[in-house]
Amino acid sequence: MADHTDRTHSPGQRQHTTAADHGAPNTKIPQQGKPPGSLRARWDGAWAESGFLHDRWEDLLQARELGWRHMANWVKAVLAVAGLSLVVLLLDGAAGVLADAVHQLLTAAPRVQVGTNTSSGVVAVIDQPIRTYIATHTASLRISSSTVYTVWQLVGLFGLVAGFFRSTGARLTWTAWGAASIAMVWSSTPAAGRPIATGLAVLAWTTASALALRGLSLRPSLFIHNAAPQVRNEIRPEIHVPAPAGPPDGDAPNNVLPLQKR
Numbered sequence: 137m138a139d140h141t142d143r144t145h146s147p148g149q150r151q152h153t154t155a156a157d158h159g160a161p162n163t164k165i166p167q168q169g170k171p172p173g174s175l176r177a178r179w180d181g182a183w184a185e186s187g188f189l190h191d192r193w194e195d196l197l198q199a200r201e202l203g204w205r206h207m208a209n210w211v212k213a214v215l216a217v218a219g220l221s222l223v224v225l226l227l228d229g230a231a232g233v234l235a236d237a238v239h240q241l242l243t244a245a246p247r248v249q250v251g252t253n254t255s256s257g258v259v260a261v262i263d264q265p266i267r268t269y270i271a272t273h274t275a276s277l278r279i280s281s282s283t284v285y286t287v288w289q290l291v292g293l294f295g296l297v298a299g300f301f302r303s304t305g306a307r308l309t310w311t312a313w314g315a316a317s318i319a320m321v322w323s324s325t326p327a328a329g330r331p332i333a334t335g336l337a338v339l340a341w342t343t344a345s346a347l348a349l350r351g352l353s354l355r356p357s358l359f360i361h362n363a364a365p366q367v368r369n370e371i372r373p374e375i376h377v378p379a380p381a382g383p384p385d386g387d388a389p390n391n392v393l394p395l396q397k398r
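Under my numbering, residues 137 to 398 are what the sequence shown spells out, in order.
Treat the hints as calculated values from the structure; they're not laboratory data.
Note that beta-carbon positions come from the ideal geometry of N, C-alpha and C, so glycine has one too.
A portion of the hints provided could be inaccurate.
Estimated spans, in silico, between C-beta atoms of each pair [unchecked claim]:
(1) Thr342 <-> Val217: 53 to 59 Å
(2) Thr342 <-> Val214: 58 to 64 Å
(3) Phe301 <-> Leu220: 29 to 35 Å
(4) Arg205 <-> Thr342: 56 to 62 Å
(5) Trp179 <-> Ala237: 49 to 55 Å
(6) His206 <-> Gln289: 53 to 59 Å
(7) Leu220 <-> Arg330: 53 to 59 Å
(8) Trp193 <-> Leu220: 47 to 53 Å
(9) Gly257 <-> Gly229: 43 to 49 Å
(10) Ala182 <-> Asp236: 26 to 32 Å
(11) Thr342 <-> Gln289: 15 to 21 Å
(12) Ala312 <-> Leu339: 15 to 21 Å
(13) Ala182 <-> Val217: 29 to 35 Å
(14) Leu222 <-> Leu189: 41 to 47 Å
Below 25 Å or equal to it, Euclidean Cα-Cα: the simulated SDA-like pairs (lysine to any residue) are [as the list claims (entries may be wrong)]:
(15) Lys212 <-> Arg200
(16) Lys212 <-> Glu194
(17) Lys212 <-> Arg192
(18) Lys212 <-> Leu202
(19) Lys212 <-> Leu222
(20) Lys212 <-> Gly187
(21) Lys212 <-> Val224
(22) Lys212 <-> Ala182
(23) Lys212 <-> Gln198
(24) Lys212 <-> Leu197
(25) Lys212 <-> Ser186
(26) Lys212 <-> Leu226
(27) Lys212 <-> Glu201
(28) Lys212 <-> Leu225
(29) Lys212 <-> Val223
(30) Lys212 <-> Glu185
(31) Lys212 <-> Leu196
(32) Lys212 <-> Asp191
(33) Lys212 <-> Ala199
(34) Lys212 <-> Gly232
(35) Lys212 <-> Trp193
(36) Lys212 <-> Leu234
(37) Lys212 <-> Ala177
(38) Lys212 <-> Phe188
(39) Lys212 <-> Asp195
(40) Lys212 <-> Trp183
Could you build all of it, start to finish, from the sequences and the hints given here?
Given below as structure tokens:
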């Protein structure tokens with residue numbers, strides 16, 4: 137009879153059983169490591185040789201040496217967008233500063249009031265009606281009369297200076313400015329002195345027009361177009377070979393006899 141106690145176990149020895157002893161399938165424990173599709177594996181692959189991030193980094197390193205013409209297109213696009221954004225920011229800031237400066241300049245002029253005489257002599261005859269006209273017709277506007285008067289002065293100065301440098305638009309502006317000024321003088325001057333004031337305004341404007349409209353002639357310009365004769369540039373090479381000239385009659389050779397019929 138077989139002894140069932142053949143397997144002896146030493147004290148303190150632990151018996152290990154495997155999956156095969158219990159009839160369970162043999163399964164391997166997965167090794168700990170980086171799965172093929174993990175984020176770390178993708179990151180390492182992008183920075184590996186010929187990877188996406190590696191190639192982009194090489195483009196950045198070579199951009200300075202290659203120059204604008206030969207650098208990568210995506211680097212050009214990034215630089216262009218960055219430069220355009222910087223220009224927009226600068227223009228935005230400059231526009232705000234310029235608007236504040238213009239506002240302070242326009243509001244720095246003294247307030248124009250009806251009947252306020254700030255000039256004397258011939259200038260007062262022309263300037264005072266213009267001030268009065270502006271103050272009267274800007275009462276219902278959301279802009280002060282002093283601002284309108286300052287703008288009127290700046291427009292006249294622009295037409296005078298730019299017209300001196302033969303600017304067509306500035307000369308048109310100067311003409312319209314002069315006509316408007318004369319009309320304001322005529323409208324705001326009292327009836328007794330209206331002809332004199334308007335005449336002085338016309339003389340002052342025409343005198344200043346000698347600078348603003350210098351070089352402008354009212355004579356019609358004649359443009360004469362001289363049509364040059366058309367010369368055909370057709371070259372036809374032709375070779376003329378002269379026919380060989382025969383010997384003269386007196387130089388006939390002696391050994392040539394005429395044919396005689398026998």
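Hint check results:
1. Thr342 <-> Val217: 53 to 59 Å: Given a distance of about 55 Å, which is inside 53 to 59 Å, the answer is holds.
2. Thr342 <-> Val214: 58 to 64 Å: Holds - the Cβ-Cβ distance for Thr342 and Val214, about 60 Å, lies within 58 to 64 Å.
3. Phe301 <-> Leu220: 29 to 35 Å: 33 Å, holds
4. Arg205 <-> Thr342: 56 to 62 Å: 58 Å, holds
5. Trp179 <-> Ala237: 49 to 55 Å: Hint holds: Cβ distance 53 Å, inside 49 to 55 Å.
6. His206 <-> Gln289: 53 to 59 Å: Hint holds: Cβ distance 55 Å, inside 53 to 59 Å.
7. Leu220 <-> Arg330: 53 to 59 Å: 58 Å, holds
8. Trp193 <-> Leu220: 47 to 53 Å: 24 Å, violated
9. Gly257 <-> Gly229: 43 to 49 Å: 46 Å, holds
10. Ala182 <-> Asp236: 26 to 32 Å: Given about 50 Å between the Cβ atoms, the range is violated.
11. Thr342 <-> Gln289: 15 to 21 Å: 19 Å, holds
12. Ala312 <-> Leu339: 15 to 21 Å: Distance hint for Ala312, Leu339 holds at roughly 19 Å.
13. Ala182 <-> Val217: 29 to 35 Å: 23 Å, violated
14. Leu222 <-> Leu189: 41 to 47 Å: 26 Å, violated
15. Lys212 <-> Arg200: Holds: Lys212 and Arg200 sit about 12 Å apart, inside 25 Å.
16. Lys212 <-> Glu194: Holds - the C-alpha atoms of Glu194 and Lys212 are around 15 Å apart, at most 25 Å.
17. Lys212 <-> Arg192: 13 Å, holds
18. Lys212 <-> Leu202: Holds, at about 12 Å.
19. Lys212 <-> Leu222: 15 Å, holds
20. Lys212 <-> Gly187: 21 Å, holds
21. Lys212 <-> Val224: OK: Lys212 and Val224 at ~18 Å, within 25 Å.
22. Lys212 <-> Ala182: Holds. Lys212 to Ala182 sits at ~22 Å (cutoff 25 Å).
23. Lys212 <-> Gln198: Judged against 25 Å, a Cα distance of about 13 Å means the pair holds.
24. Lys212 <-> Leu197: Distance ~14 Å between Lys212 and Leu197 Cα, so the pair holds.
25. Lys212 <-> Ser186: 21 Å, holds
26. Lys212 <-> Leu226: 21 Å, holds
27. Lys212 <-> Glu201: 14 Å, holds
28. Lys212 <-> Leu225: 20 Å, holds
29. Lys212 <-> Val223: 16 Å, holds
30. Lys212 <-> Glu185: Holds. Lys212 to Glu185 sits at ~24 Å (cutoff 25 Å).
31. Lys212 <-> Leu196: 11 Å, holds
32. Lys212 <-> Asp191: Given that 25 Å is the threshold and the Cα spacing comes to 16 Å, the pair holds.
33. Lys212 <-> Ala199: Given pair Lys212, Ala199 holds - Cα atoms ~9 Å apart, limit 25 Å.
34. Lys212 <-> Gly232: Since the Cα atoms of Lys212 and Gly232 sit roughly 30 Å apart, the hinted pair is violated (cutoff 25 Å).
35. Lys212 <-> Trp193: The hint holds at about 14 Å.
36. Lys212 <-> Leu234: The hint is violated at about 32 Å.
37. Lys212 <-> Ala177: Violated, because 30 Å separates the two Cα atoms, which is more than 25 Å.
38. Lys212 <-> Phe188: 18 Å, holds
39. Lys212 <-> Asp195: Roughly 11 Å between the alpha carbons, so the hint for Lys212 and Asp195 holds.
40. Lys212 <-> Trp183: Holds - the C-alpha atoms of Trp183 and Lys212 are around 22 Å apart, at most 25 Å.
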